[in-house]
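A.B. asks: Per UniProt numbering, residue 1 is the first one in the sequence shown, and the count goes up by one each step.
Hints listed in this document are in silico derivations from the structure and should not be mistaken for laboratory results. Ideal Cβ positions, reconstructed from N, Cα and C, are used throughout, including at glycine. Don't take each hint at face value.
Stated by the list, open to error - Computed Cβ-Cβ distance ranges for the label pairs, DEER-style:
#, residue 1, residue 2, range
1, Thr158, Trp217, 41 to 47 Å
2, Pro43, Trp194, 38 to 44 Å
3, Pro130, Ser107, 38 to 44 Å
As the list claims (entries may be wrong) - Pairs of lysine-lysine residues, derived as PhoX-like cross-links and limited to a Cα-Cα distance of at most 20 Å, are as follows:
#, residue 1, residue 2
4, Lys143, Lys180
5, Lys227, Lys143
6, Lys143, Lys64
7, Lys64, Lys21
8, Lys21, Lys33
9, Lys202, Lys180
10, Lys33, Lys64
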Amino acid sequence: MQDHKETYKLLSMTTLAQRLKIARSHAGLTQRKLAEIAGVEQPAISQLENGRSLKTAHVAAIAKACGVSAIWLANGAGGMTAETSGFDANVEPVIGPIRFFEYPEISWVQAGAAMEALELSNITACEMHPSDAWAGPNGFWLKVRGPSMTSQGGISFTEGMVILVAPGFDVESGQYAVAKMIDTNEATFKQFIWDSGRAFLKPLNPAFPTVEMDHEWMIVGRVVDAKWPRSVL
């Protein structure tokens with residue numbers, strides 16, 4: 001029994017995307033077959049698995065199709081299957097609202113230092129901000145500096161807002177990311193653009209230049225949330 005506890009303790013320390021892949025592998029289903037059995041569109045499965053969606057509306061149907069616990073699939077609680085979840089297999093679990101997560105607000109210097117910045121000793125004094133977006137176990141907030149990401153229309157990130165960074169998350173063209181210069185660890189927040197095999201960091205403010213990424217740059221993480229901190233409200 002102890003082996004089961006250890007196994008499912010590890011499975012609970014995952015993202016919704018990772019748990020869905022585990023569940024689908026457990027059931028031996030392709031994305032298309034899972035979508036067919038669960039009664040959802042295949043793009044919905046794909047978006048959940050690549051982390052582009054965190055919607056839980058279809059979780060109960062997907063969990064049933066995969067033969068796993070809906071509560072485990074939704075938020076990692078309990079065991080993956082009814083055998084280890086502690087719930088009566090004849091009881092349909094009710095999916096509650098999306099949980100809120102808290103992440104530390106760190107400095108831009110710490111962000112450039114990557115994972116070393118998130119050692120417990122370095123974040124105990126950091127202000128914590130909640131979010132309903134999952135940014136992984138090492139997510140962190142950064143305060144927007146300067147006007148380079150301020151736009152006259154559409155999405156705009158004003159100086160003083162905080163952005164939630166998910167280290168290690170894939171970044172697609174058009175999404176927002178924090179990147180850093182490898183040699184100096186200097187970090188910056190920009191829109192990531194992939195065009196004709198070339199990567200760019202584009203500011204939303206046209207008064208600032210777009211920078212082409214080369215071997216001297218690396219992505220720190222994808223921005224998954226942004227808001228005004230409670231301290232200014």
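A.B. asks: Determine for every hint whether it applies to the structure shown.
C.D. replies: Structure-based check of each hint:
Hint check: Thr158 to Trp217, Cβ distance near 25 Å, so the stated range 41 to 47 Å is violated. Pro43 and Trp194 have their C-beta atoms about 20 Å apart, which leaves the hinted 38 to 44 Å range violated. The beta-carbon spacing between Pro130 and Ser107, approximately 20 Å, falls outside the hinted interval of 38 to 44 Å. Taking the CA atoms of Lys143 and Lys180, the gap is about 16 Å. The hint holds against a cut of 20 Å.
The straight-line distance between the Cα atoms of Lys227 and Lys143 is roughly 10 Å, inside the 20 Å bound, and the hint therefore holds. A C-alpha spacing of about 41 Å is found between Lys143 and Lys64, which places the hinted pair above 20 Å, so the restraint is violated. For the hint linking Lys64 to Lys21, the alpha-carbon distance of about 14 Å falls within 20 Å, and the restraint holds. Between Lys21 and Lys33 the alpha-carbon distance is near 13 Å, which keeps this suggested pair within the 20 Å criterion.
At most 20 Å may separate the alpha-carbon atoms for a hinted pair to count; Lys202 and Lys180 meet this at roughly 14 Å. Only pairs whose Cα atoms come within 20 Å are accepted, and Lys33 paired with Lys64 is accepted, the gap being roughly 13 Å.
Hint violations for this structure: numbers 1, 2, 3 and 6, all remaining hints satisfied.
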